[in-house]
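**Q** Residue numbers (this note's numbering), protein chains in the order written: chain E, -11 to 505; chain R, 167 to 496; chain W, 2 to 323; chain U, 551 to 877.
Please keep in mind that the hints were generated in silico from the structure rather than gathered at the bench. Some clues are possibly wrong.
Label pairs and their calculated CB-CB ranges [said to hold, decoys possible]: (1) 104/W x 111/E: 49 to 57 angstroms; (2) 295/E x 304/W: 45 to 53 angstroms; (3) 30/W x 454/R: 46 to 54 angstroms; (4) 307/W x 727/U: 36 to 44 angstroms; (5) 304/W x 727/U: 38 to 46 angstroms; (6) 468/R x 583/U: 37 to 45 angstroms.
Think of the CB as a built atom: it goes at the ideal place given N, C-alpha and C, for glycine as much as any other residue.
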Amino acid sequence: MSEYLLKMSNISKTFPGVKALDDVKIEVKPGEVHALIGENGAGKSTLIKILSGIYQPDSGAQFFFEGKKAEITKPIDATLKGISIIYQDLSLFPNLSVAENIYIGRDSNNKAWKKIKWKEMEVIAEKALKELGVDIDLHVPVEKLSIAQQQLIEIARALAFDSKLIVMDEPTSSLSSGEVEKLYKVINNLKQRGISIIFVSHKLKELFTVSDRFTVLRDGKYVGTYDTEELDEQRLITLMVGRKVAYEKNESNASIGDAMFEVKGLSKEGNFKDISFELKKGEVLGITGLVGSGRTELAQAIFGVNNPYEGEVLLNGKQIKVKSSEDAVKKGIAYIPESRKTQGLVLRQSVINNISLPVLKQLRNAFGLINRKKEIELANHYVKTLDVRPALPDRPVGQLSGGNQQKVVIGKWLSTKPKILIIDEPTNGIDIGAKTEIHKLLRKLASDGMGVIVISSELPEVLAVSDRILIMRHGRIARELGIEEATQENIMNYALRGSSFKAKKTNEVVASKGVQM
Amino acid sequence: GCVSQGSSNSENEGTTNNASEEKEANGKLKIAVVPKLIGIPYFNASEKGAIQAGEDLGVETIYTGPTEPDAAQQVKVIEDLISQNVDVIAVAPNDPASLTPVLKKAKDQGIIVMDWDTPADQSVVELSVHQIDDEQYGRHIAKSLIEKMGTEDGEIAILTGGLSAANLNTWIDGAKKELEENYPDIKLVTDKIATDEKQQVAYQKTLDLVKSYPNLKGIMAFSTPAPLGAAQAIQEKGLQDDIAVVGTALPTDSKPYLEDGSLDVAILWEPDKLGYLTVALAKQLAEGGKVENGQNVENVGEIEVWEDGKTIIMGPPSDFTAENAADYDF
Amino acid sequence: MKALTLSKENILGLIALGLFVLMSLFTPSFFTSNNLNNMMFQLPEFGLIALAMMVVIVTGGIDLSITYTAALSGVSIAIMQSNGYPILTSILVGVIVGLLCGSVNGFIVSKIGVSPILVTLGTMVLFEGIILSITKGNSVSGFSEAYSLIGNGYYLGVVPLSIIIFIFFAILTGVLLTKTNWGRSVYMVGSNPIASLFSGVNNSRVLMKVYLYSALLAIIASIIMTSRYNSAKVDLGSSYLLQSVAAAVLGGTEIQGGYGKVIGTVYAVIIFQILSNGLNLLGVPRSIVGVMMGVILIFVLVLNFLKGKLDEKKQKRLQEAV
Amino acid sequence: MKTFLKSKEMSIAVIVLLLAITLTFVSPVFLTADNLLDVLKANSVIGILAVGMTLVIITGGIDVSVAAVTSAVCVIMGKVMLVMPDNMVSLLLIFLIAPVLGIILGAINGFLVSKIQIPAIVVTLGTMSIINGLVLYITNGQYLNSTSFPKIFIDFANFEILGISIIILLFIAIAIFTWYILKYTVIGREVLAIGGNKDSAVRVGINFDKVQIFVFSYMGFLAGIAAIAQTAYTKAVDPNGLLGLELLVIAAVVLGGANIMGGRGTIHGTFLGVILLGIVQNGLILAHISTFWQKVFTGAIILLAVSYDQIQYKRAKNKLSKIEVEA
Ligand SMILES: Nc1ncnc2c1ncn2[C@@H]1O[C@H](COP(=O)(O)OP(=O)(O)OP(=O)(O)O)[C@@H](O)[C@H]1O
Ligand SMILES: Nc1ncnc2c1ncn2[C@@H]1O[C@H](COP(=O)(O)OP(=O)(O)OP(=O)(O)O)[C@@H](O)[C@H]1O
Ligand SMILES: [Mg+2]
Ligand SMILES: [Mg+2]
């Protein structure tokens, strides 16, 4: 029995168009938390997909698990070996119960007609959830759970399979700080029980708190593996980016004008209650809080896709009624949703078509036809100014990495020349380099006179961009802090105070709307 | 089939595959007979006759029609026949009016146009071959029903293949007229009921009918599957003696129901004869012959020609009963 | 290289061409002015309905009521005409009736949000019922001479008027879909309704317009049909319903929405037309024509599939070569 | 139970109930065992097919070739029965042949859908027109009546238990059997799983293709059974007898609350859907509604049902509070 639980080496993976991985290796010790990190498109997800048997590596790959040579050609192989993967977008069945979601998969292949023992299933699920120290009704369908709870279900499933290695690809990207804390507890407890964890994340701070060792990838190449002790944030960033990136708290912006946008006593049953705030010219307003504190619901109400609600919205002193997203665009309100892949972009359509979508009306020529030339210019403009890579605007946007996809969404909304820009989880799953770029951009937009509201669960981010911070808790504004008085500690404190952790939240507020057939 | 349009010879390919070459080779007459649709027993039977006549009389018969009783499809069939420049087109219209333009077109191309089974626009056809006098037929069916009911007052119902079938409607009108004029005490409980040309639908509707009209005495069923469905329901509910069923079915299909009296009588002409007659007259017409009243067409018999010199009546319908049903092979 | 990467539409075009050549070679009286002309008269009505179906399918929907929409507007035109109203008035009424049908579908789909297949299943039966209760199932006839020219007349004495109408609407549809705000939104809504909603697109208006437009195409088809057949009846063109879905899909339209080109559908319609007419002339049993069309449909899709696989492999080899 | 009250099935159940009550008032006949049994029997074929269609639709697929497959099996069965001796073996043979034929045809659909990845509606549209065409070509619409069947089959067709026709029993048995598969077997849950989320299914190692092929083969299997029921019901084989039935079947399933997008659907819901369509047809005559208006009613009822259900669903969704808002 070697000292390593998992040894992968000579891993290469070629996709049509890209060499995603080029002779990469990773070695994981039993009972360690191993951070896998790199910029967007560095190859993390791909490496994981190979480990899980979804992708096959190019020839020559070496693969040992528990000292034995391992053959993993399909997902079930990995599962049976005791490797569980928790993907960014989770692998749950919204229409099935919690118990089933935990149990599922173990009987697949050649046991099709096996009778399902619901009792046994529930026992197993029960046990797994206990080990995690959470209590969730075994019978509710998973679609009724919050993202955080869903993530726990995934982990419970991994335990139920008594996995020796659990891989988490950006598990915290959709969690609020509070829930992240809870996840760490779980991870530590797994560690105690000798389970190894590969942890993919773009949030360096959290990585330092959980990880024992780091493996760094850059552009699909292996950079190195380091103990946490020998690293600090700067060093790490340099390793993964190859350049030095600053990422610190914002000092309040000098040129803050008077209120341009105002919200008075906004309330919506089961969403949020008498929300009032104002946004001053040139300032960035941060809204934070636990996931499920009603931030997204509030934003979508202002944007007109979460009607009806009580209360007033004033733009430049005049009351406005936003009845639909179309309205919002007309009135100069832009909302960048939290899930770029489902809400932000039409993945199969080209970058051009995505960017021009909200402004097609302006692009019409004398005959009311779209002026393709103008459209392409528009797209190119934002691809250039936002430095979207690769700069191929007629590629389907689905082929861009998360970071670049996000830039496209931002470009799309800048093209509407909005007065108010609301951006929800702006840097979800985006690497540090791209992050700071986006933060700079938001600051710049504000100082150029745009009203910017940033909703984020990532406190460093909130602190980095905001001039003022609203903390929401259970659908109400718990506290407002000026940037100078705000610290991660006191924000957490207001966000959590008196709140139980079981924030309830259905993923997509408007998922039902718009969907046809 | 769903993805289907146009037409073709529903007999074996051989006869027509090399059709057009043949045309060049020997001057054989090409006579196209177009049914309302192919692949239902009634028109299969008349196809037999038509093909037979072709062989007997040394003409080439193309028997082809749509797979659904759809006007649009039938027009296409005829258009394609015009492209094959046949000598005669005899058509049984699904929707007479809808064929007028295309039949005109055929006429302009020098093709002789006639109708059979169901009259087309009389201004375009040169001959109109009727199996029977539609009104008489309707009346005959009504009379037989009354006879089988054995009473001249009581409730009856009418089943029909489809509400939009022109010829069924004329028969039903004929039957209604007979009842109004001669049997005032007969009460028609509801509008004619559509059975989608399907036996099981006729069966279900009949079950519902006998339930909702407990003292129903008789049922007239038009279109070939309808009487079978009706009879099946009567048979199952053992109402043979309470409710008389009369309809337009083929003998072989109705045999099992005739035998136990659940179907009292099936009234129809012999469709193969109709097919035969159509081809025979088409040939005669194409060769410039004139059709006379009382003329005897062999294998068919004496035919009646109305004074308009156009309308041909093949003869009275045949009543198929438990006794004679076995003698027929269609 | 370009030659190797044929779009599915181009492949379809080649198939259509190939069929045409084959038929011309092996079917006597196929390649005769008479028959070509004949096909030009047969194609438009089906072509228009297929386009109507395609537009709906691009939004991820389907319209099972399309032929009854056509029939209903056709019947109303016929009734107007037979009561001696002038052509334009009659057509106007027909258009209004048809658009009403479209708006019923559009409303229930876009405002209430019921899935199109269910809505149009219901309206299909409903419209049929309405026609039946109006016409008592009889066919309505009695069009004016002039009216019958629409479907039977020639333009400049050579080209059938109806084919010109078809070409016009084919081009119009193409332009609307590719060059207008609405058309673009149609594809966007078809690919990802949520994202397009979040991009300020008014999904329900887009959908409403889609069902109105497809109704309009159906109406045009019904005008051509009623004029050609000089009568209107409950089952007017009913046999085109599933055929039109098949044609749209054969034309490359993705049934789950988001992709579909006019030219593809047009090629598909041409293929069906050649197949049906040619096989008829050959005297192939008509039932077999149906079989052939099913076979072609599946064959082409299997072809696309294999092509996709092939391209992947090629890409890969190029990669490893590098 | 509480979940059932909020479920789609509930709204359909409500509609069925309202309709039934109205009919009981307009016609004394409606609420008689005799009538209800007739309705059940008349809709058993649709019911059997609908049960299979439920699985297909749960996986997000659809099968418009069911009617074609059923007629194909009917026709072949008919031809076989012509030469069959009149004994038990023949009957057993029929129960062997019919399902097997169905499974073969269904498997072809399944293969094209899963391995060639052609959308189900397209595949089945194609196979439908192929099968229909071939049936028409081979039979030329030739109608076979009971005189040509072995007597034992007729006895089977007329067989009753406590006055309940074997055909109804067949339907009920199929419904229960399928319900069991869906609830208590691995493959059954996998059907729901791939309907719920395809990617997740693949990741947890569910064999997507296998499940799809199963679903379509099972649909074919039931089409085989339905063919037996149909032949027993009409005591005849009419190659055109089932044309257009597929739309009714689909209507029944979705009325029963199955989600055309996949992931949701229940056997009891489908059963209710079948019943709804059944009593509408039956009621229209009992209620003495003019022939010409019957379709108007049917269409209107379908529209009302689906709209009502959708509105209910939206309401529920809006009520469902997303956040526990502090008082
Ligand atoms: N399915 C695919 N087809 C083609 N190329 C791919 C595919 N998946 C990944 N790639 C390529 O491999 C590279 C690495 O992708 P990967 O998903 O591993 O990046 P990542 O490290 O997960 O990025 P992120 O941090 O944003 O998740 C990408 O830049 C992309 O070009
Ligand atoms: N079909 C594809 N073709 C080409 N590249 C792809 C494809 N799918 C994914 N990629 C590449 O994979 C990389 C990562 O893709 P992925 O789906 O993991 O998003 P991501 O980078 O992880 O972003 P996020 O973290 O927001 O999900 C991207 O760099 C993208 O270029
Ligand atoms: Mg990734
Ligand atoms: Mg949020």
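**Q** Now look at each hint and say whether the structure bears it out.
**A** Going through the hints against the structure:
One distance hint, 49 to 57 angstroms for the beta-carbon pair residue 104/W and residue 111/E, holds here, with the actual separation near 56 angstroms. The hint said 45 to 53 angstroms for the Cβ distance between residue 295/E and residue 304/W, and at roughly 48 angstroms that hint holds. Remark: the range hint 46 to 54 angstroms for residue 30/W to residue 454/R is contradicted by a beta-carbon distance near 26 angstroms. A hinted range of 36 to 44 angstroms holds for the C-beta pair residue 307/W and residue 727/U, which are about 38 angstroms apart.
For residue 304/W and residue 727/U, the hinted distance range of 38 to 46 angstroms is satisfied, since their beta carbons lie about 39 angstroms from each other. Range check, residue 468/R to residue 583/U: Cβ separation about 56 angstroms, and the 37 to 45 angstroms hint is violated.
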